[in-house]
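Trainee: With the hints in hand, could you dock these two chains into one complex?
Chains as they are written, first to last, in our numbering: chain A, 20 to 302; chain B, 113 to 402.
The set of hints was computed from the structure by calculation and includes no laboratory data.
Among the clues, some could well be false.
Quick list of in silico lysine-lysine cross-link-like pairs, DSBU-like style, CA-CA up to 35 Å [to be verified]:
{"id": "1", "chain 1": "A", "residue 1": "Lys189", "chain 2": "A", "residue 2": "Lys125"}
{"id": "2", "chain 1": "A", "residue 1": "Lys125", "chain 2": "B", "residue 2": "Lys217"}
{"id": "3", "chain 1": "B", "residue 1": "Lys398", "chain 2": "A", "residue 2": "Lys189"}
{"id": "4", "chain 1": "A", "residue 1": "Lys189", "chain 2": "B", "residue 2": "Lys217"}
{"id": "5", "chain 1": "A", "residue 1": "Lys67", "chain 2": "B", "residue 2": "Lys217"}
{"id": "6", "chain 1": "A", "residue 1": "Lys67", "chain 2": "A", "residue 2": "Lys83"}
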Amino acid sequence: MKLPSLRDVATEARLLLIGIPVFLWTMIPIYHMFLFAISPKEDAFSGKLWPDHPTLHNFEIVFKQQHYFLRDFYVQFWNSTVIAVSVGVLTLFIATAAAFSISRLKVPGGRAVLNLALFTYFIPAAFLAVPMYRTMGNYGLLNNHWSLILAMVTIASPYAIWVLKQASDKLPVELDEAAVMDGATTLQIFRLVYLPLMMPSLVAIGTYAVLLAWNEYLYAFLLLSNDRDITLPVALGNFLAADDSPWELLMTTGFIYALPPAAVYYAFRRYMVGGLTAGAVKS
Amino acid sequence: MAITLSGDQAIPGPPLSSRLTPAQVWGIILLAPYLLVFLAFVVYPVGYGLWLARAPSNYVALYNDPIFARAAVNTLIFLVIGINIKMLIALFLSGFFAQQRTWIKWLSVIFILPWAVPSIPTILSVRFMLNPEWGMINHYIFSLTGDDGPNWLNDPTVALTMAIAVHIWKSLPFWTLILITGRLAISHDLFEAAEVDGASWWQKFRFITWPSMQTLYVTCTLLSMIWTLGDFNSVYLLTGGGPADLTHVLATLGIRYLRLDQLSLAMASIVCAMPFVLPLVYFMMKRLSR
Numbered sequence: 020m021k022l023p024s025l026r027d028v029a030t031e032a033r034l035l036l037i038g039i040p041v042f043l044w045t046m047i048p049i050y051h052m053f054l055f056a057i058s059p060k061e062d063a064f065s066g067k068l069w070p071d072h073p074t075l076h077n078f079e080i081v082f083k084q085q086h087y088f089l090r091d092f093y094v095q096f097w098n099s100t101v102i103a104v105s106v107g108v109l110t111l112f113i114a115t116a117a118a119f120s121i122s123r124l125k126v127p128g129g130r131a132v133l134n135l136a137l138f139t140y141f142i143p144a145a146f147l148a149v150p151m152y153r154t155m156g157n158y159g160l161l162n163n164h165w166s167l168i169l170a171m172v173t174i175a176s177p178y179a180i181w182v183l184k185q186a187s188d189k190l191p192v193e194l195d196e197a198a199v200m201d202g203a204t205t206l207q208i209f210r211l212v213y214l215p216l217m218m219p220s221l222v223a224i225g226t227y228a229v230l231l232a233w234n235e236y237l238y239a240f241l242l243l244s245n246d247r248d249i250t251l252p253v254a255l256g257n258f259l260a261a262d263d264s265p266w267e268l269l270m271t272t273g274f275i276y277a278l279p280p281a282a283v284y285y286a287f288r289r290y291m292v293g294g295l296t297a298g299a300v301k302s
Numbered sequence: 113m114a115i116t117l118s119g120d121q122a123i124p125g126p127p128l129s130s131r132l133t134p135a136q137v138w139g140i141i142l143l144a145p146y147l148l149v150f151l152a153f154v155v156y157p158v159g160y161g162l163w164l165a166r167a168p169s170n171y172v173a174l175y176n177d178p179i180f181a182r183a184a185v186n187t188l189i190f191l192v193i194g195i196n197i198k199m200l201i202a203l204f205l206s207g208f209f210a211q212q213r214t215w216i217k218w219l220s221v222i223f224i225l226p227w228a229v230p231s232i233p234t235i236l237s238v239r240f241m242l243n244p245e246w247g248m249i250n251h252y253i254f255s256l257t258g259d260d261g262p263n264w265l266n267d268p269t270v271a272l273t274m275a276i277a278v279h280i281w282k283s284l285p286f287w288t289l290i291l292i293t294g295r296l297a298i299s300h301d302l303f304e305a306a307e308v309d310g311a312s313w314w315q316k317f318r319f320i321t322w323p324s325m326q327t328l329y330v331t332c333t334l335l336s337m338i339w340t341l342g343d344f345n346s347v348y349l350l351t352g353g354g355p356a357d358l359t360h361v362l363a364t365l366g367i368r369y370l371r372l373d374q375l376s377l378a379m380a381s382i383v384c385a386m387p388f389v390l391p392l393v394y395f396m397m398k399r400l401s402r
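Isolated chain B, as found in the complex (with noise of 0.2 Å):
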């Protein structure tokens, strides 16, 4: 296709112009502020921070700090059944707001407000309100029981639990909004036919519903697993990695190091999540660039 452009917009020298089209040549030219953006601030920053990483006394450091392995392990737990509970419940959500009912739409629009607000308010006052003794929770459950509530986000195992709840609250909306679409892909008739011949709710689920979805379902759990890796927010304001450093993922210990003037083992930090992002971001390429 040649598209011809004015005169004084033609690129002098024969080698450039006897190969591309003027429109090619307005291609590369409307193509290069993307191209110095990714250079400058993609190319540039992760070259010069594996460079940074290259020493093998890095990750001998990172062996043997005990922080490292707990965010290790805390970012498996919260990859693993956080991100998987979440799925779940937004299948399940999925299926309740694909009723007809005018009361669920309205639900459907309220529903959408953790997404739509930004999570730093958001978050902070659910940490006040886990605040042992001026929060709202401990003081109902002081008020119903007389007993003193737990110390919430002094205990790593319940803060840790308290920063997926967070983070499942925050985004589940939209996952639950995406499987919504998927379902409401599926065609009408199959219901009803399945309806004609007795079919139980499960046998709907399992036999129309599922199938039809379970791509979708497998690439949104796959791509909720490689964004939550980057939920630096949930931890971070809610529990600030403590107590102890004992509630740290691997985002939020990647700037702690930083903090702590510690570039080089960040940057070992982030390369040791790299054999499991790496084969999570192919598989999702290959998907999504079909």
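Bound conformation, chain A alone (with noise of 0.2 Å):
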């Protein structure tokens, strides 16, 4: 048996001393949530790191909306969940038509979309909310469902259209060809030869979307204003909104809204991974 070296152990040992410190940055603000939720209000506030009396009331007051903050619980998280859906869907329909078309079909003018979409990617989503705002307020969607979805539909396409355009310029040609030889139809091929090869890219670019639109914060804040229409990042901002805010509810609200997206992140991680290549995710 061969002892692992000096060289070894100080390699290992220098390994450690980058890992513990990457280990605690990364986990401090999460499990500092995860402690609140799990905590009664008195453990909560006393800076232990594991409190004296472990409780799930805190999930119990969330799920019986038993809290002035929370009467509208369930009602924002299928808010949430119906905006984030919808998102996916619209997104991948308009970005995978126009893919098609710019990439398959060669459009005129299809390069230049393109560029647009790209020039879109790179404005900063915050300066674009502004006249957003204002413009949703012109059509009069302000407070409706649609004014969210539309405006993170806008936000979402440019990357996805780049990404699944990146992603159908890999097809052969020769697919394409040998469909129309067979007398297919333009739909046809679409349906039949462009979707089912494109499955794997639609899958990332609808997980990005769905959790796009999951997590966005400003868009649904100035958007959105009414207790029962709001999404439930809105509502935990509103937490804020008292001197005396229950924090323990507050995060435990968080915790449950931050399962899914991690959940869904992990399960594509795979698919994730793979998109990202192609590019850059926006963060």
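Mentor: Shown next, in the form of structure tokens:
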């Protein structure tokens, strides 16, 4: 048996010296949130690393909507879900059609549209938010879920089109030609040849759009304001309106809100990383 | 390339159909939904916003508003110092995560968490940790030293530093991941050859890693700078722009004007950022649309 050399031990120690701070840095804010979620109010404010009496009571309060700030919890959860799924579906529809048109049908001016989309992708979302807010007012869509859905589709589509266009450029052109020989119409090529081959990219882009919409705070808080119309992140922000905010309930709701996107992310990580190499996902 | 359509889908009228193949007609139809979204929610808002910001008096008002000057400086600090620190750490950590160890693989799965979870609850969690009376950090400072900790978010410099830290916490995993893919793309033979020649750690980085990664690194840095201009959450949810509106950045300042019903000022503040944003965007488009 060979004992590890001194050099190996030193290397391992140096790696640990990096790894441990990285672990702590990553986990502390998340652990702090979790700690609040399982702590009664007195423990939460005492600065302990583990509560004396860990409890699920906070979750019970949230799920039974037993607090002023939580009275519309289920409605808001539902709003978040509907909006995220709608953004995912609409973005997929718009971006797939556009990518097929630009990449496979070589529509005149397609290159210019792609450049416009790329340009939109690089404009910081917070800058577009100001005129977007006013525009939605002009369209009479403020406080309507469509305003948030359409705004998020606008933000998600450019990256979606770009990634899907890159992916569809890689499909061999002979496939389309063979289908045309067999007498397939354009729509049949789209449905029967193009969509099945693009599936992995479509999963990645759908996930991207759903997560983007679920996580969005700024646009949601500008465009929606009625308690029964807002999404969960806006409701979380509203907790801060009071001086004596129930922080343990805020963190519990935040924890529940953070679980679905984290689960989706890890479930689709394989696809997401594939999408990543095609470019850069907006953080 | 001609794609035949069934008869009922053919477009009538000679001028259009004589110039366009049926496939191109379908191309236009399929492109239309995005064009509509683009016209209604990008072109119209931007044009309308620029029209609102046309009066020179807006820029005089901005020039005379000390909060605007402060926000511009804060934004520069955020971008020039914050982003470069973040990218240097990401470059360093990409080397760490490229090591072949089981525990490092597991750590990399955990390391992605800040990017995978929404920013609102985690930023609020940090906000409470920094609470001077009840927060965990000052609690430990007190029990270790017996002194009261600083009033973190009440000092503009510390508060802005914390906002930058929150931003780094959130987006570091993403950039590290991108740089890891860059590192893994480097041929392993080069490192083995360098090993044989007895190259030091620094020489390997300086002569192999950096030359193959510098384009990616610069692209990532510029991209991160553009996007960080739009980072509203890190500042707004942590400090709310306070104390005394001293920690605003351009992203939160625009929203502040909007909330005060000064839409033309909000647009003007964004227009002021354009001379910096547009060259960066142009440069990025050149790089990416090759």
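Trainee: If a hint holds in the structure, say so; if it doesn't, say that too.
Mentor: Against the structure, the hints come out as follows:
no.: 1; hint: Lys189/A to Lys125/A; in the structure: holds, 14 Å
no.: 2; hint: Lys125/A to Lys217/B; in the structure: violated, 43 Å
no.: 3; hint: Lys398/B to Lys189/A; in the structure: holds, 21 Å
no.: 4; hint: Lys189/A to Lys217/B; in the structure: holds, 31 Å
no.: 5; hint: Lys67/A to Lys217/B; in the structure: holds, 31 Å
no.: 6; hint: Lys67/A to Lys83/A; in the structure: holds, 27 Å
Consistency note: the structure conflicts with earlier hint 2 alone.
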